[in-house]
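Peer 1: Listed below are the residues making up each chain.
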Amino acid sequence: MSKVVRQIGFDEGAYVAREKEDVVVGNEIIRHRLSSRVIHWSVGVSFFACLVTGLPVWTPVFGWMATLVGGLSVCRIVHPWFGLGFALASLAMAVQWWGDMKMTKEERGWVGPKLLEYLRDSANHDKIGKYNGGQKVYFYTSKLSALGLLVSGVVLWFPTSFPQWLRVFAILLHDVTFILFAVSLVFHIYLAAVAEPGTLNSMTRGTVSKAWARIHHPKWYRELMGLEK
Amino acid sequence: MSVQSLEIRRSSASVWGSPSGMRSVPTVAKYIDTSTCIGCKACEVACQEWNDLPPLSTQQVGTYQTLPTLDAGFWNLIRFDEREVEGGLMWLMRKDQCMHCAEPGCLEACPAPGAIVQYANGIVDVNQDNCIGCGYCETGCPFDVPKFHAKTGKMAKCTLCVDRSSVGLEPACVKACPTGCLHFGTKEDMVALGSLRVDQLKKGGFTTAALYDPQGVGGTSVVTVLAHAEHPEWYGLPRDPHVPLGVKFWKKWLRPIGFLAIFGAIVGAFGHHLYHGNKGHVDPGPVDPDEPKA
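Which chain is which? The protein sequence lines are A and B, in order.
Per the numbering used here, the very first residue in the first sequence carries number 88; after that it's consecutive.
Per the numbering used here, the very first residue in the second sequence carries number 127; after that it's consecutive.
It is possible that part of the hints are untrue.
What the hints assert, rightly or not - In silico PhoX-like links for lysine-lysine, alpha-carbon gap of 25 angstroms or less:
#, chain 1, residue 1, chain 2, residue 2
1, B, K374, A, K217
2, A, K306, B, K405
3, A, K230, A, K192
4, A, K189, A, K107
5, B, K273, B, K167
6, A, K107, A, K306
7, A, K223, B, K405
8, B, K280, B, K405
9, A, K107, A, K201
10, B, K374, A, K214
11, B, K405, A, K201
Hints are computed from structural coordinates only; laboratory data are not their basis.
Using the sequences and the accompanying hints, generate a full structural model.
Peer 2: Right under this line is the structure:
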């Protein structure tokens with residue numbers, strides 16, 4: 088990228104991050120290229136559209152949210168379409184990230200004790216690559232939830248076309264997958280936007296600092312810096 | 127349409143109805159005697175007329191039955207069925223309609239506040255104003271009664287002529303019935319009438335006759351005399367109707383559990399941050415000579 092004509096205010100990091108990731112630019116590392124970020128925020132925005140139009144139907148406690156879109160009847164009409172958008176965006180995400188999300192045997196421990204170690208700051212980070220086991224578990228949780236929400240959502244969208252037992256099952260599946268996803272999403276947002284400063288930047292501008300990479304993803308850092316033996 | 131003069135005992139997606147406890151209203155019921163129904167369909171016509179429901183095209187289903195099932199524009203359907211019993215032929219007719227359950231599954235499943243209400247007198251009614259056409263009521267109903275308007279998706283069903291019964295008139299179908307197989311009054315009186323008729327039938331040789339008032343849904347405000355009560359399915363009635371377990375589990379357990387789980391996660395995240403602070407706030411320092419300090 089050194090051939091680029093540098094003007095005052097030229098943001099080389101953001102420029103490189105349009106198409107490339109896993110490259111070092113000055114003091115920064117490109118973590119998510121533009122297409123990944125667009126896909127991520129498509130999933131995020133469509134999910135929150137679903138949330139605002141779905142929660143008022145889930146329980147009247149959140150009935151006030153319905154006024155944001157013009158009432159509960161509007162929720163019933165638009166929620167399935169937002170859901171379809173969420174499913175499509177999730178599919179794109181699954182395709183985009185699939186290769187990065189292969190889990191090693193060790194990483195399977197993140198389903199249980201390793202996650203707690205991580206939250207207690209007592210985990211050994213040394214072998215963590217671009218994604219840690221927790222992120223991979225979250226990836227599979229969210230994609231599985233998206234599948235469950237889509238399948239049950241189609242049944243709930245056209246209730247008169249399906250037998251009663253299937254509609255009952257769909258209501259339960261839609262709820263279980265939503266709860267599963269919502270709980271894990273709380274921690275996803277917390278860790279990314281609050282608890283680990285510098286992380287949110289990787290999904291907005293696309294870059295992280297070298298220090299961030301070395302703290303949270305040391306193996307990935309060493310690979311990119313050519314330090315991995 | 128909600129009826130001003132009637133208090134609401136229960137309302138969908140709401141904690142309370144509007145019972146003030148000031149008024150004492152008896153639970154009402156419709157009595158249907160399948161053994162004296164002659165299948166004349168006067169009740170069907172009266173229902174359409176009183177409720178301003180335009181005529182629908184009939185569908186031939188191999189019997190005299192007007193339509194295969196109830197419809198958003200057809201709330202009262204005489205079902206015709208033929209059964210061979212001990213070498214003889216039984217021609218069974220039953221007036222199908224909303225059963226007005228004491229514990230209505232439609233109301234329990236409905237997510238729209240006030241879309242389905244149960245009045246103090248036991249009548250279960252739909253407020254189309256509030257209905258969002260999601261179809262959950264159909265999932266909660268053990269009798270396959272809720273039907274939806276093709277264009278709006280809104281649910282419609284028998285109101286037990288609440289506009290008539292709330293001012294002391296009998297429902298239109300009862301008014302029209304020529305054989306006296308339909309009656310309307312307090313639930314107590316209708317159950318007593320049913321027992322009388324069941325005794326008569328038993329003496330007449332129908333030893334298994336009984337009054338269909340299923341307790342699985344807390345009893346219904348439509349009680350039906352069946353000559354062959356050991357086979358309610360012959361009349362298109364479920365043997366032991368109850369609100370689907372999944373719907374009850376969903377409302378009573380899964381939803382509160384989910385609510386707590388999500389809020390628990392939010393509280394947990396806050397707590398984690400209060401206790402542990404930021405993760406990775408330590409500057410690791412340079413690891414190789416070329417690396418500038420971040």
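Peer 1: Take the hints in turn and mark each one as holding or not.
Peer 2: Structure-based check of each hint:
1. B:K374 x A:K217: Roughly 45 angstroms separates the two Cα atoms, so the pair is violated.
2. A:K306 x B:K405: holds, 18 angstroms
3. A:K230 x A:K192: Status holds; Cα separation ~20 angstroms.
4. A:K189 x A:K107: Holds: A:K189 and A:K107 sit about 21 angstroms apart, inside 25 angstroms.
5. B:K273 x B:K167: holds, 20 angstroms
6. A:K107 x A:K306: Judged against 25 angstroms, a Cα distance of about 19 angstroms means the pair holds.
7. A:K223 x B:K405: holds, 19 angstroms
8. B:K280 x B:K405: violated, 52 angstroms
9. A:K107 x A:K201: violated, 31 angstroms
10. B:K374 x A:K214: Cα-Cα ~48 angstroms, so violated.
11. B:K405 x A:K201: holds, 15 angstroms
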